[in-house]
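Undergrad: Both chains come to you apart, so use the hints to assemble them.
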Amino acid sequence: MPPEPGARRGGRVPTIFAMGGGGFTMEPGNPAFDDYVLTLAPAREPRICLLPTAGGDSEDQIRRFHATFDDQLCEPTHISLFPLGTRPIPLRDHLLAQDIIYVGGGSMINLLALWRAHELEEILREAWHAGIVLAGLSAGSMCWFEWGITKSAGRPQPTRGLGCLPGSNSVHYDGEPERRPCYLAAVAAGDIPAGWGVDDGAGLLFRGTRLAEVVASRPGVRAFRVHAVDGVAVEEAVEPRLLAARPHADRTTPLAVDELRALRAARLGFRRG
Amino acid sequence: MTRPRQIVAFGGGGFSMEAGNPHLDEYVLGLAGAAGRDRPKICFLPTASGDADHYIVRFYRHFPASRCESSHVSRSRRDCGTDDVRAHLLDQDLIYVGGGSVICLMGVLRAHRLDVALREAWEAGVVLCGLSAGSLCWFAEAMTGYHGASRPVEGIGLIPASNAVHYDKEAHRRPAYHTAVGGGMPGGYAVDDGAALHFVGESLARVVASRPDARAYRVDKVGGEVAEVPLPVDYLGAAAGPEPALAA
Chain A
1 MPPEPGARRG
11 GRVPTIFAMG
21 GGGFTMEPGN
31 PAFDDYVLTL
41 APAREPRICL
51 LPTAGGDSED
61 QIRRFHATFD
71 DQLCEPTHIS
81 LFPLGTRPIP
91 LRDHLLAQDI
101 IYVGGGSMIN
111 LLALWRAHEL
121 EEILREAWHA
131 GIVLAGLSAG
141 SMCWFEWGIT
151 KSAGRPQPTR
161 GLGCLPGSNS
171 VHYDGEPERR
181 PCYLAAVAAG
191 DIPAGWGVDD
201 GAGLLFRGTR
211 LAEVVASRPG
221 VRAFRVHAVD
231 GVAVEEAVEP
241 RLLAARPHAD
251 RTTPLAVDEL
261 RALRAARLGF
271 RRG
Chain S
1001 MTRPRQIVAF
1011 GGGGFSMEAG
1021 NPHLDEYVLG
1031 LAGAAGRDRP
1041 KICFLPTASG
1051 DADHYIVRFY
1061 RHFPASRCES
1071 SHVSRSRRDC
1081 GTDDVRAHLL
1091 DQDLIYVGGG
1101 SVICLMGVLR
1111 AHRLDVALRE
1121 AWEAGVVLCG
1131 LSAGSLCWFA
1141 EAMTGYHGAS
1151 RPVEGIGLIP
1161 ASNAVHYDKE
1171 AHRRPAYHTA
1181 VGGGMPGGYA
1191 VDDGAALHFV
1201 GESLARVVAS
1211 RPDARAYRVD
1221 KVGGEVAEVP
1231 LPVDYLGAAA
1241 GPEPALAA
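As given, the protein sequences belong to chains A and S, one line each in that order. Under the numbering used here, think of the first position of the first sequence as 1, with each following residue one higher. Under the numbering used here, think of the first position of the second sequence as 1001, with each following residue one higher.
Here chain S stands alone, though its shape is the one from the complex (with noise of 0.2 Å):
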């Protein structure tokens, strides 16, 4: 069997940001165990903090080996596993990529080659997930990451849209990426804290969200004026009503 290419792409949340709220990484950690596997493997790619020591002890807290193999690849330091990176990550179930900068977090993989390898897990069915600059990567361009002067960049590419992120968190992104988009960006996804998008192959096939209020927009030039298109959320939290079977 085959398995979907898929991505879900948080706007911010999950365990370095939510403490507490379980609901995006009980999403993706359903959708790693979906491959059949009793423990999931799943590999963390702290890259875009510069390899954090502290973010790599929460991200195995958070999934501890009693619910599934968890791994790391660190990059900056001596103390960074496998030799055949690529061999690991295509042997995984999910890999979830950590927040911090963009900009560093394009560059190291590059200069690695692990932007071809995470393309090639994709396409074997490794589940891609992340945060923050652990988001954009996956798209064609991005707006950079957090506070200040937001920036276009650009990704990885495997989703053809470009992506900005914690997009209720400061005033400036809204006008920011719409003049992106305005100028020549092509049109994309933005979304807040707390909201994340499921991706199957290169289509949206559901945005869900850790916070009653969290939003998501579809963002394109249409006719020389930038238009924003709130899409359907479904909150994951309890209230949500009937859940499908990720939660069993």
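Isolated chain A (complex conformation) (with noise of 0.2 Å):
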């Protein structure tokens, strides 16, 4: 029986993963992050919803994120906003009964206008208290955030983000390398509180508003801590842990595969909806 939407479930605290950029829509063939954002849920079979927004509900983010996930010991669903009106899905509910909400990357500026028209800001806040997990890339770490830099309408600019975590957060660090520029001269100029400038391949796990540890998906990469001192923007670099690749053909299951898919064809859902 799903839980009571809304209630929190067995002392979840309430968890956010950011990522700078990576997992399976930013490097195929490393399952580091997909890998760890399934073990944040305390839940056996953890029940993890795409939110593919920022990017126009790609279709391909959609594919790759049922690629990576479906043969997993995971329930993957995604809501595709855009076609909404056409495949009716009770947006609270759905996104309520979750172990895990991960939204994918794209535009943030559309993320939070999109979230907004639908009242999805609310819903997502209270899946937060409720001890749901919230991950994300790009688009989908900074809005999490009070501020962002967006590259949605070309050049970087800050824009506001939903502000559960207080602080400000620039990604795709070392990727996107004209970010950077912005993010310090806001962050010195007073106009975006301090924040996390991170890289591509790590990600910042917080327990409630707490930093609980910084991780990677690669060597190499870092995480950093901005702030003003004196008017002038301050980075200290993070190392983070490096998460373990996971061993080769070792990933034993107490049910096979292809049981678990029957099983899933068996119960309703949303999936591929």
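The hints are all genuine.
From the structure, some residues in chain S lie toward chain A, with a derived Cβ separation under 7 Å: (1) D1051; (2) G1100; (3) C1104; (4) A1111.
If you are wondering where the hints come from, they were derived from the structure by calculation, not from laboratory data. On a predicted model such as this, the values are computed, not experimentally measured, just so you know. Backbone N, C-alpha and C fix where the C-beta goes; we use that ideal spot for every residue, glycine too.
TA: Written as structure tokens, this is what we have:
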């Protein structure tokens, strides 16, 4: 029986995993972040729902999500907002029944605008408070902070996020270096609060609003604490914990994949709805 | 010479809904060509579809470089083209807004202040057109899109009236629109697939259709009752008899 929507389940702590870049959409062949995300929810077979909103519900993002998670010990679904008129889904009920909500990359401005238009902002805050793990990369990382640096309108510029986490976030810190000067200038000028610059392949795990750990899907990447000191932006590098590579051919699960698929097929769900 | 403000709002139709029936697209192309440019500048906004790749490709197929100078603006992808979208839109002869979710469309337009840019383009005489969500967005209020429950949503408001599209598609559309207008939504226009409203300024100048049986209606609350009046429709196909200079 699904848990009561909105109720915090079994003392789960509000959890956000914010990736500078990486995971199934950006690191094909490197399952480190995708595996890590699944471990964050204390459920044997976590329900994980993709919100591909920032990418305009791109079919490619949805396909990669299912290609990654359909064979794992989890229950993957996705919600597309653009075709919602043709395929209605009870948004609040579905999202609050998840263990993990995974927000894909794309345009941060569009993401926030589309969530607002569908009244998803409050639902996601409710999900966070209930201890549903909120994970995402790029726009899907910055959206949880008060401010992010978006390139949605061309040149990098600060834009507001949901503000579950205090401070600011700039992603692809190494991969898209043009964001960095904009971020440093905005923090130095006090236009946006201090925060985190995060490389592709690095991710910040927050329990509540406290940073619990910084992890990496590959060697050589970092996150930076960015704050203003006397009107100058200062970056302090944080060395992440490198996630262990998945051992080859040893992904033993209690159920065979075929059996799992058969079970899933028998269930009613919104998958590929 | 100042160009008139013009909007052509399709109830449904054009290249994305009526494969092989070019009438509505030819009609707007004719209006764009009237500005005098050899190859009119046409910009596609696939916003309501989430900037779907296949939709953008189909647009370029139907509006090839041999006939027009085509472009598109996408705000979901990195390859969104120009930084200065406002200047780009103002430089067009025709802006073609695709179908999809009007709620998503309005959310994205407002977030990027494209609603303001489109109003400026309209005032500057750039012809605006679109189908489905790309029709609804021009009106003050509209009934949401396609299948399932239809509900009122606020548009950009260039035309001070309401709009319902795909009116012939599903039986519940008429009662839903009548209920909304009866309940205080401004009166307006209900349009079948294949019919299109051509506004000059804020006034309806003509209703055109790509199919002989496509209809459009004016719907108003009159003395406590909702009244629906069919509008005269000009079929753009060969059987319609003499056609104005647009075909030339």
